[in-house]
Each structure stands twice: as structure tokens, then as C-alpha cells.
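Generate coordinates for the entire structure from the input sequences, incorporating the hints supplied.
Protein chains: 2
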Amino acid sequence: MVQYIEKLSKEEVLNRIKKLADEIYNDFSSGNPSIKLAVRGNIKNIEYDEKRDIITLKEKIGSREFFNLGHVRRFMQTLLVASLAKKLVEKDKTASLREVYYQLKHTIPILNVNTIEEQEESDAVIEDLERAIKAIREQFHIKAEGRGAIYGDIYLRDKKRGDEWNCSKLGRGGWSIPSTIEDIEIGDVNADFVLVVEKEAMFDRLIEERFPEKQGAILITSKGQPPRGVRRLIHRLRKEKNLPVYVFTDGDPWGFYIYSVIKRGSMNLSQFSELLATPDVKFIGMTIDDIDEYDLRKKGAVIKLNQRDIKRINEIANYPWFKKSKDWQRQFRKMLDYGIKVEQDALAANSLEFVADTYLPDKLEHPEKILS
Amino acid sequence: MVQYIEKLSKEEVLNRIKKLADEIYNDFSSGNPSIKLAVRGNIKNIEYDEKRDIITLKEKIGSREFFNLGHVRRFMQTLLVASLAKKLVEKDKTASLREVYYQLKHTIPILNVNTIEEQEESDAVIEDLERAIKAIREQFHIKAEGRGAIYGDIYLRDKKRGDEWNCSKLGRGGWSIPSTIEDIEIGDVNADFVLVVEKEAMFDRLIEERFPEKQGAILITSKGQPPRGVRRLIHRLRKEKNLPVYVFTDGDPWGFYIYSVIKRGSMNLSQFSELLATPDVKFIGMTIDDIDEYDLRKKGAVIKLNQRDIKRINEIANYPWFKKSKDWQRQFRKMLDYGIKVEQDALAANSLEFVADTYLPDKLEHPEKILS
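Respectively, the protein sequence lines represent chains A and B. Quick note on full-length UniProt numbering: the first sequence kicks off at 1 and runs consecutively. Quick note on full-length UniProt numbering: the second sequence kicks off at 1 and runs consecutively.
Treat the hints with care, as some may be off.
What the hints assert, rightly or not - Taking lysine to aspartate or glutamate and the EDC-like style, the derived pairs with C-alpha atoms no more than 16 Å apart in a straight line are:
1. LYS169/B x ASP158/A
2. LYS159/B x GLU208/A
3. LYS93/A x GLU353/B
4. LYS87/B x GLU353/A
5. LYS93/A x GLU209/B
6. LYS169/A x ASP158/B
7. LYS91/A x GLU208/B
8. LYS299/B x GLU12/A
9. LYS169/A x GLU185/B
10. LYS87/A x GLU353/B
11. LYS299/A x GLU145/B
12. LYS223/A x GLU145/B
13. LYS93/A x GLU274/B
14. LYS298/A x GLU117/B
15. LYS87/A x GLU12/A
16. LYS169/A x ASP163/B
17. LYS169/A x ASP53/B
18. LYS134/A x GLU59/A
19. LYS93/B x GLU208/A
20. LYS169/B x GLU185/A
21. LYS51/B x GLU274/B
22. LYS93/B x ASP357/A
23. LYS91/B x GLU274/A
24. LYS93/B x GLU209/A
25. LYS169/A x GLU208/A
To be verified - With beta-carbon atoms standing in for the labels, derived distance ranges:
26. GLN119/A x ASP289/B: 21 to 29 Å
27. GLN225/A x GLN225/B: 18 to 26 Å
28. GLY162/A x GLU117/B: 52 to 60 Å
29. SER83/B x LYS239/A: 45 to 53 Å
30. LYS7/B x GLU47/A: 58 to 66 Å
31. GLU120/A x LYS10/B: 33 to 41 Å
32. GLU120/B x ASN190/A: 23 to 31 Å
33. GLU47/A x ASP295/B: 45 to 53 Å
34. LYS311/B x GLU47/A: 44 to 52 Å
35. ASP192/A x SER83/B: 35 to 43 Å
36. LYS51/A x GLU120/B: 42 to 50 Å
37. ALA124/B x VAL72/A: 55 to 63 Å
Hint data in this document are derived by calculation from the structure and do not stem from the laboratory. If you're wondering where the values come from, they're calculated on a predicted model, not measured in any experiment. A virtual CB, placed ideally from N, CA and C, is assigned to each residue, including glycine.
Structure, rendered in C-alpha cells:
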């Protein structure tokens with residue numbers, strides 16, 4: 001079976017789509033046309049690959065069958081998406097999920113039925129195609145929305161346009177990371193590590209403090225749960241440039257899960273962990289230990305847990321990759337014991353400069369305070 | 001009384017804060033210390049300045065009094081924020097709303113009361129300070145979150161850092177517009193107009209189609225209701241470079257209101273319209289007429305109005321600035337008659353290139369199709 005690979009040439013993507021079409025076409029002679037694809041990820045059919053420390057999808061293959069009333073609509077839609085993907089790759093165009101929806105939606109004459117009703121339908125079928133031909137949708141030129149930003153002494157190049165720029169020479173805005181970065185080449189990097197920051201405001205703070213220059217860091221903001229373009233960029237920075245990557249989030253279950261997704265992939269995209277996850281990223285904070293260490297409770301800089309937080313803590317504490325770690329279990333327990341969480345912005349309770357001049361340098365000098 | 005002005009020097013901002021403090025200090029001898037400030041904007045106390053075509057705040061002055069149990073907490077908080085603002089400007093630092101919250105929050109000894117409980121409190125007080133010294137918070141170095149992006153043949157310069165870059169030489173990502181652009185200088189622009197696009201995906205589409213190069217456009221994405229940095233940049237591009245500005249949104253009440261906010265300012269920030277609004281922007285689409293003209297209904301590329309849409313249409317149709325316009329009333333009526341709205345992405349129902357090669361050029365060539 002075809003495999004996910006980092007760089008899929010245009011020809012290879014087209015071959016995979018064509019192979020899918022050929023298989024279906026041949027199936028017609030056997031009387032049972034079907035599309036084979038890995039079953040979608042959820043907590044039940046994902047696997048936690050402990051050795052590689054990423055989430056993967058169980059090798060459970062499902063199929064959409066043409067002669068099955070429950071499947072035929074999805075079957076037809078998959079062919080529509082595959083056909084559009086082929087055109088996109090051939091024409092070297094990129095379409096958003098919403099554009100794909102509008103491009104494929106039409107009313108079938110005589111039957112008077114719409115090919116697609118809601119965008120959720122086309123989104124799901126795009127994911128089917130990803131699993132059927134083992135390519136991420138960026139590789140067949142379909143992209144989601146969502147931008148991050150990157151700042152630091154790194155050259156990037158847009159292969160198609162030939163532009164090259166240094167991400168530390170764009171003022172404090174940095175470069176806006178689009179939702180697909182498949183055409184971006186990573187050039188020279190003059191930095192010792194990558195720091196992924198959950199919040200935009202913290203990204204701005206660190207730039208203002210000249211943290212990247214002082215510490216030799218490339219900064220990336222994930223803006224909460226990172227868009228796919230950001231995840232791909234982190235993955236590629238680690239893989240192509242061999243830079244250590246630290247993740248800096250809020251000290252709450254949502255922040256911890258952002259770290260987990262960057263590191264090990266997410267459940268519903270578990271089939272792509274190899275292209276999106278970065279197993280050896282490390283967690284630089286906030287931890288619940290920080291609350292004590294930096295006296296944040298007395299300063300009123302912590303937030304009480306609500307019911308939703310507590311539920312989520314118990315949930316993620318039970319994910320196998322968090323469960324096996326004594327360090328993480330300690331954090332979860334302590335968060336529940338204290339009944340509080342802490343935001344990365346809370347470090348401003350000390351001073352605005354504190355995070356850049358004290359907190360992060362202190363962690364970097366004491367690797368034992370860094371979780372993994 | 002002090003006035004809002006475009007460029008406030010560091011000294012001028014500090015003077016205004018000091019003047020406020022002096023006034024309060026002197027009030028103590030008269031026995032009634034108070035802070036005077038314009039009453040906050042809502043539909044009742046804003047004014048629609050028809051001649052200038054912007055929303056302004058009625059000249060209704062309120063005050064927060066020290067010897068008033070209902071006011072004293074807010075009074076104290078305003079002094080805290082003013083004091084922090086002074087430090088920020090002196091130290092040339094910028095703080096986010098969340099950082100301000102954490103910086104000012106502490107427990108008052110003996111009383112055992114927190115200076116600030118929730119961020120909503122400090123946010124509101126920051127707006128008080130804006131109205132008390134007539135400066136936007138960006139001018140005293142406090143900023144919200146929210147980034148847009150800009151692409152096109154325009155040089156920007158970060159005054160503080162000395163970096164200069166061309167926003168068409170950064171690949172397809174463009175430049176990430178931070179939430180405050182007070183230190184950004186606008187250099188040479190080689191373009192005929194500015195196009196503000198509601199959705200990120202449409203911004204990407206137009207870049208992919210090389211619309212900016214072909215049509216001489218600067219593209220900005222507002223990402224829905226534009227962050228303040230984006231509104232300031234549009235305002236300054238119009239003012240400093242005298243470029244015509246077109247706004248391109250969905251054809252629904254939310255899109256129409258995005259246009260309105262860019263053009264005339266928003267109600268709750270009506271006191272700053274002169275710095276944030278751009279009265280002579282024009283609306284290039286989507287209109288309800290487009291549905292007929294481009295046959296979008298037959299293609300199934302329209303969406304039924306829901307109750308919330310209908311309520312919102314009736315609401316904004318009654319705002320004085322929309323009410324006076326026959327053209328806009330026609331759009332609202334037609335939307336209600338048809339019972340449908342239309343997204344900008346819907347143009348993809350024709351082809352991906354359609355928006356760049358046909359729709360926008362057609363509108364630009366037929367100014368009578370452009371609303372204002």
C-alpha cells in the first residue's frame with residue numbers, strides 16, 4: 001500500500017489519484033466498486049506508538065461501496081473531490097475547504113438532489129481522500145484557514161515565487177504563516193532553538209524584549225491549538241534543521257493538550273502524525289510547580305478551576321501518553337489539589353520583562369525543570 | 001479640552017497623563033476629586049456625523065468621583081492604569097490587555113480586597129483612560145490581540161528597529177499586521193488601490209491568482225471584524241497615501257457591518273472614529289444583486305437566512321447611516337425578499353479564478369455597481 005511521505009512530487013500525487021480511479025474502474029468488472037481507506041481516528045482506534053512517541057492510526061481498513069445505499073452518496077462525493085484534487089494539482093492551484101465546497105456543490109439534474117448539502121460533508125470527504133491515497137490535503141492543494149506567525153533569524157523562500165526573506169527583518173510583526181507551507185523552503189537558520197508560544201500577546205512580548213536575539217531563538221506563535229501550517233513548519237524545522245523545540249503554553253489542560261498535539265499529533269489526524277507531529281519537542285511551561293516557584297498564588301495571578309477544566313484534566317490525564325509519565329501525572333494531581341490553573345500572561349504579575357529575562361532563561365539553564 | 005490627534009509624541013502622551021493627575025490632585029483641595037471623561041458610546045449617545053460620514057460620540061461628559069461609593073473603586077483603578085500607562089510610555093514598552101490585568105491585580109493589605117477581579121474591569125478602565133486623556137490605548141502602549149495580514153507592493157518600516165521590507169516579497173504569506181502599528185512607517189507604495197478582504201481564504205485566493213500584481217492592488221485581510229491594528233492601517237493608508245479603498249465582504253448583515261465599521265467606526269469606539277475610521281471606503285461586494293448577476297442561486301451557492309440574520313438585518317437597516325441610503329435599503333429589502341445571503345467564497349461555484357479574473361475587474365470597471 002502507498003505510504004505517507006514528506007515530499008510528494010506533483011507526479012506522485014497525480015499517480016496516487018489515478019491509481020485510486022483505476023482500482024475503482026477495475027472493481028466495476030468484478031461487480032463491487034469500492035474505495036478502501038483507513039478508518040478515521042478516535043480514542044478507540046488510534047494507537048499510541050510508545051517507541052516513536054506519536055499517535056498513529058490502527059491499521060483498520062474500511063471501505064465505501066458503490067452498491068450500498070448507505071455509502072453511495074459518500075462514494076460519489078469522494079470521486080468529485082478526487083477529480084477536483086487532480087485538477088488543482090495539475091493547474092498548480094490551492095483551494096480552501098470552503099471553496100472546495102462551493103466548487104463541488106451542484107444539483108444533479110432529473111434526480112434534483114444536491115451533490116453536497118453542507119460543508120461538513122465535503123470536509124469529511126476530503127479527509128477520506130487523504131486516507132485513501134495517503135497524502136495530506138496540503139499535498140493535493142486543499143487547505144484549511146488559520147495563520148500563525150514566525151519571528152527570528154531564519155531565511156524562508158517561496159519556491160514558486162522565488163522570494164526570499166529573513167523573518168527577523170520584518171519589524172515586530174514577523175512573517176504570517178499561511179495554512180499550507182508545502183512550497184516554502186527553509187534556508188539558513190541562525191538560532192539555537194525554536195520556541196513555540198501559545199498566545200500571540202506573549203509572542204509580541206518576547207519580540208519586544210528582544211528574546212530571540214538575546215537567546216538565539218526562533219519564535220512561533222501557535223495562537224491556541226496550532227493551525228496545520230504551523231504544525232508542519234514546526235515539524236519541518238525540527239526535521240530539516242535539527243533544532244530543539246520548546247513549547248510554552250498556559251498551565252491548564254488546554255495548554256497541556258496543545259503541547260501534546262504538537263508533540264504526538266492529534267487523534268482525528270492520527271494518520272498524519274508522521275508529517276505533522278514533532279515527537280521530541282519539550283514543554284518549557286507553564287507548570288503547576290511554577291505557581292509555587294514564582295509565588296504566583298500570593299500575587300493573585302492564578303485562576304480557579306471550573307467544572308469544565310476538571311473534566312478535561314481527568315480526560316487527558318488518562319490518555320496513554322500522559323498516563324505513562326510520572327512527571328505529567330504529578331502536574332495533573334497538583335492542579336487538582338490546588339484547584340487552580342495559571343496562564344502564561346500571569347508572569348506579568350512580576351514584571352513585563354520577567355518572562356524574557358528570568359523565567360525562560362531559568363528554565364533553559366535547568367533542563368530538569370523542563371517536561372517531556 | 002485635549003483633542004484626539006493622529007500622532008501623539010511620547011512627551012505629549014506623558015503630559016496628558018500628568019495633566020489628568022494634576023487635575024485630580026488639585027481637586028483634593030476643593031474637596032471633590034473626580035475624573036472627567038466622555039460617556040461611553042452606544043446607539044443612544046453616539047452621533048452620526050453625516051457631513052463627515054463617521055460615527056462620533058456625543059459631547060456628554062461624565063465623571064468618576066472619589067467620594068462616591070459607587071465610583072471609588074473605578075476611580076482607584078483608573079489611577080492604577082494611568083500610572084502603568086505612564087511607565088509603559090516612559091520605558092517604551094507595550095503591554096497586552098491581559099498583561100495589564102495581571103500587572104495591576106493585587107490584594108490591598110488590611111482591606112484584603114483585590115484591586116481588580118476580572119479582566120473585564122481593567123479593560124473597561126483602559127477605555128476610561130482613553131476617553132479621559134483623549135488618546136487611543138495604542139498611543140499609551142496598551143494593545144489588544146488580533147492580527148491581520150497585508151500583501152502587495154508597499155514598503156513598511158519599523159521605526160524602532162530600522163527594518164524595512166516590501167510586502168510583496170514575503171511569499172504568499174504576506175506581512176503579519178500586529179495589533180498596534182503606531183511604530184510602523186508607510187514608505188513607497190506602488191499600487192492603485194487597497195482591497196480589504198473579509199476572509200483569509202479569499203486573501204490567499206487573490207494572491208494565488210496574482211490579483212495584486214495584475215490590478216495594482218494592496219490586499220489586506222480583516223479576518224472578519226477587523227482588529228484595531230488593521231483598522232489603523234487602512235485609515236493611515238488612505239490618509240497618508242491617498243489610495244482608494246474597497247471593502248470586499250460576504251453579502252450578509254455581518255459583512256455589511258464589517259464594511260460599516262471600517263468606514264464609519266464602531267459604536268463602542270465612536271470616540272476614536274477620527275483615528276480608526278476611513279469614511280470614503282467603498283463596498284465592492286458581495287451584494288444581493290450579485291446573486292442574480294452571477295446566477296448564484298441556480299448553482300446552489302446561496303444560504304437561507306436564519307432568524308438571527310433577519311433580526312440583524314432589521315437592526316442595521318435602521319442605523320441612521322444605512323437608513324439614509326437608498327442603495328443600501330434596496331440591498332436589505334432584497335435580502336429579506338429573497339430570504340438568502342451569499343458568501344464571498346460562493347464565487348468559486350463558477351471557477352476558482354472567477355473572483356480575480358471576472359468578478360472584481362468587472363466591478364472596478366463599473367463604478368455604478370460599487371456601493372458607498
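Which of the stated hints cannot be reconciled with the structure, identified by number in ascending sequence?
8, 11, 13, 17, 23, 31 and 32
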